[in-house]
Amino acid sequence: MLNLSVVLEDGARSVPEKDCLVFGDLRLNYAITNMIANQVANLLVARGIRPGDRIALASPNVPYFPFVYYGALKAGAVVVPLNVLLTPREIAYHLEDSGAKAIFAFTGTAELPLGERAFEAFNQVDTCEIYIDLPASPGATESAIEGAETLWKALEGRPGDFETVQANSDDTAVIIYTSGTTGRPKGAELSHNNLMMNSIVSCSLVNPHPDGRDVALVVLPLFHIFGQTVMLNAALYRHATLVLMPRFDGDEALRLMEKEGVTGFAGVPTMYWGLLNAVRSSGEGKYDLKAIAENLVDAVSGGAALPAQLAQDFVDTFGVGIKEGYGLSETSPAASFNNPAVKAKTGSIGRPLWGVEMKLIDHEWNEIVKEGDEDPVGEIAIRGHLVMKGYHNRPEANAEVLKDGWFRTGDIARRDDEGFYFIIDRSKDMIIRGGYNVYPREIEEVLMTHEAVSLAAVVGVPHDTHGEEIKAFVIPLEGVEITAEELVEWSRARLAAYKYPREIEFRESLPMTSTGKILKRELRG
Numbered sequence: 001m002l003n004l005s006v007v008l009e010d011g012a013r014s015v016p017e018k019d020c021l022v023f024g025d026l027r028l029n030y031a032i033t034n035m036i037a038n039q040v041a042n043l044l045v046a047r048g049i050r051p052g053d054r055i056a057l058a059s060p061n062v063p064y065f066p067f068v069y070y071g072a073l074k075a076g077a078v079v080v081p082l083n084v085l086l087t088p089r090e091i092a093y094h095l096e097d098s099g100a101k102a103i104f105a106f107t108g109t110a111e112l113p114l115g116e117r118a119f120e121a122f123n124q125v126d127t128c129e130i131y132i133d134l135p136a137s138p139g140a141t142e143s144a145i146e147g148a149e150t151l152w153k154a155l156e157g158r159p160g161d162f163e164t165v166q167a168n169s170d171d172t173a174v175i176i177y178t179s180g181t182t183g184r185p186k187g188a189e190l191s192h193n194n195l196m197m198n199s200i201v202s203c204s205l206v207n208p209h210p211d212g213r214d215v216a217l218v219v220l221p222l223f224h225i226f227g228q229t230v231m232l233n234a235a236l237y238r239h240a241t242l243v244l245m246p247r248f249d250g251d252e253a254l255r256l257m258e259k260e261g262v263t264g265f266a267g268v269p270t271m272y273w274g275l276l277n278a279v280r281s282s283g284e285g286k287y288d289l290k291a292i293a294e295n296l297v298d299a300v301s302g303g304a305a306l307p308a309q310l311a312q313d314f315v316d317t318f319g320v321g322i323k324e325g326y327g328l329s330e331t332s333p334a335a336s337f338n339n340p341a342v343k344a345k346t347g348s349i350g351r352p353l354w355g356v357e358m359k360l361i362d363h364e365w366n367e368i369v370k371e372g373d374e375d376p377v378g379e380i381a382i383r384g385h386l387v388m389k390g391y392h393n394r395p396e397a398n399a400e401v402l403k404d405g406w407f408r409t410g411d412i413a414r415r416d417d418e419g420f421y422f423i424i425d426r427s428k429d430m431i432i433r434g435g436y437n438v439y440p441r442e443i444e445e446v447l448m449t450h451e452a453v454s455l456a457a458v459v460g461v462p463h464d465t466h467g468e469e470i471k472a473f474v475i476p477l478e479g480v481e482i483t484a485e486e487l488v489e490w491s492r493a494r495l496a497a498y499k500y501p502r503e504i505e506f507r508e509s510l511p512m513t514s515t516g517k518i519l520k521r522e523l524r525g
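Under UniProt numbering, the first residue of the sequence shown carries the number 1, and numbering increases by one thereafter.
These are calculated hints, taken from the structure and not from any lab test.
As the structure is a computational prediction, the values presented were derived from the model and not from experiment.
Virtual Cβ for every residue (Gly too), placed ideally from N, Cα, C.
Hints may be right or wrong, so weigh each one.
Computed spacing ranges between beta-carbons, pair by pair [stated by the list, open to error]:
| # | residue 1 | residue 2 | range |
| --- | --- | --- | --- |
| 1 | Pro-376 | Glu-116 | 48 to 58 Å |
| 2 | Glu-163 | Gly-525 | 52 to 62 Å |
| 3 | Arg-27 | Arg-524 | 46 to 56 Å |
Could you build all of it, start to finish, from the sequences and the hints given here?
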């Protein structure tokens, strides 16, 4: 029997008075954090939620996320984290597809009215019965959203003790939505064992601070599996202190690193770029860079390839080598690491983690082995404690990617004689924009609903800060006029902020194969 919420409960038993969450001036110890999660669990049970029911959670990196995340797990429910940038249409799809019975959504701000979007989606989905507002004002009992109930109002009088539901280790704990070449997002079901093992193994890679302190700056979105495993579950398993940052900003990150004595940082390459830019632009004496560098002992990067020069600049500035990881939502996520503390190779995703197997396969699942002097090249397949149970209600998709415990990733790589893997291409045409996975097919399907669009093809093009930018090549319908700017704005209203195309190029035709498949490699140039 195993419930992932034990990572919080153990901290409440072992180090109850230690700071667990730091958010602005708010400091919550392990005992209080666990108590509020218990109240959430009691609330869910009182409202009729039963083990196995799905609970959607739309929240940035604020204390509400761990409150609801672990509270739902304690009640035996399945957490469905939602990207805070999703539109009402997209939120409604996730609620319907997962069969969520409740949604907890952060009110948001004028710039990011998450609550309004989530409440609109909630009212469109009949099967979702409970809406709880996570208000921007701490302790608020009145919601800014008409007809919504705030968490604090709902928790009034709820006991702070709860007997955690003992789940089976292979029960689903979290459903993380991802996408693929088949279009609409699919929910990867990750078990309690998947997430617990990945967290424990990730902890084995952490560089300990000489004085024993463990303070993690949480800038990776907790609704993303990278942030959930490496910066939430793993950090709490170690009894670390989590400094929450809702939105990354290089200057603010440096301020928090200095103020809180941050020892660990994990982010996508653009965040490291942002830290270095903030250092370069800061005035003399703005930050105590020596103190920041002395405190920082651990740095992890993932989500996109880490440029070698960026990694070297970070070492030169902070004196810490960056561990570059590789994984997917379907692998909980960490599968391999390029760890400079052991051995690292430029451009590599490293070698498999403990308990993880990786191999290269062809289209028929046959293993590709070394022949002659050439390194073997093929699609990465992964097996081990980290592989998802499968996609929620997607038997056909599962049959395509899962076989005998192996998961085929769609990523093409080569492997050298020392077992280091090097990504060559992403066969699924996935775009990684600022660390977010963007799938062209979903954008193409939305564009094709516009009355002026005849055909659309979406690709990723190089970008200085985001890694890749989204570009759409569009064949307009004859006789219908539309500008690129108008189509960008139309897309913006229908797709999350990280998904809609910033660049649109109109063409009379698109390059195709003899079978009618668009040659995207020619569009990329």
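Structure-inconsistent hints, enumerated in ascending order:
Checked against the structure, no hint fails, so every one of them is satisfied.
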